[in-house]
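*Asks:* Listed here are the chains, written in short residue letters.
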Amino acid sequence: DQQVKQNSPSLSVQEGRISILNCDYTNSMFDYFLWYKKYPAEGPTFLISISSIKDKNEDGRFTVFLNKSAKHLSLHIVPSQPGDSAVYFCAVHQGAQKLVFGQGTRLTINP
Amino acid sequence: EAQVTQNPRYLITVTGKKLTVTCSQNMNHEYMSWYRQDPGLGLRQIYYSMNVEVTDKGDVPEGYKVSRKEKRNFPLILESPSPNQTSLYFCASNGGQGRGKLFFGSGTQLSVL
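Protein sequences, first through last, are from chains R and P.
Just so we're aligned, residue 1 is where the first sequence starts under the numbering used here, counting upward by one.
Just so we're aligned, residue 1 is where the second sequence starts under the numbering used here, counting upward by one.
Because the hints were derived from the structure by calculation, they are not lab data.
A quick note: this is a predicted structure, and the numbers were derived from the prediction, not measured.
Where is the CB? At the ideal position from N, CA and C, for every residue including glycine.
Heads up, simulated DSS-like pairs for lysine-lysine below, C-alpha to C-alpha not over 27 Å straight-line: (1) P/Lys101 x R/Lys5; (2) P/Lys57 x R/Lys98; (3) R/Lys98 x P/Lys71; (4) P/Lys101 x R/Lys68; (5) R/Lys37 x P/Lys57; (6) P/Lys101 x R/Lys71.
Just a sample of chain P residues kept apart from chain R, beta carbon distances all over 12 Å, derived: (7) Glu1; (8) Asn73; (9) Ser82; (10) Thr86.
From just these sequences and the hints, can you work out the full model?
*Replies:* Listed below in C-alpha cells is the structure:
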C-alpha cells in the first residue's frame, strides 16, 4: 500500500501562472516532508521541506503547505517558468534518513 | 565538485548473470542508500548503510546484496538478476546536514532480458 500518494501523474501549466502539485499521506505520525525535483537522465534533487510543527514553508518561488488534519501537502510554484518542467516527487522522512516517495507528478510549463 | 557517481549508466544483461552497480561519493558522507524507481511506484528503498560495515534492508531488498567496506563506496550486487529487476536505480548519500536531504547519483538504467 502506498503510504504517500500523488494522484496526478501529470500537470500542464502556462508560463507565469501558478503550479500546484498535491500529495496525500496515510500515517498521521509522519513529521517531516520533502519535495524533490527530477530532470530526465539526472537523479532527484532536494527542493524544499517542511516539519509538521509548521503549516507553511517558503523558499523563493516555491512554497510548501501542510494540512495535518487532512494529511495533505502541496507545492506551489509562482510564477512557473519553463525550467520548472520536471517530475516532482513528494516524500516523507521515516527515520535513519529513509525517504518514502510518492509516484511523482510530471509538470510541463508551456510558453 | 561534490557528487555521487554511479556506474554504469546503462546496462543490459540476461537472467542469472551476476552484476554489480558501483556507487561512490566524495563528500565523506556516512549514510548511503540504494533506491529503485518504477513507473507508478515512485522510488523505493532497497538497502541502506549508516556507516562502514553497517548495512540494513530497506523496503524491497529481495534479490539484492550490498557491501560497505569503505566509507565512499556502496556497490549494489545482483547475484542472479531476473526480469522483474529491470528498473532505474539510484544511489544516494547524506552527511547529516539535513533530515532526508539526500544527494542522488544520476541513475543506472538496468534491463534484464
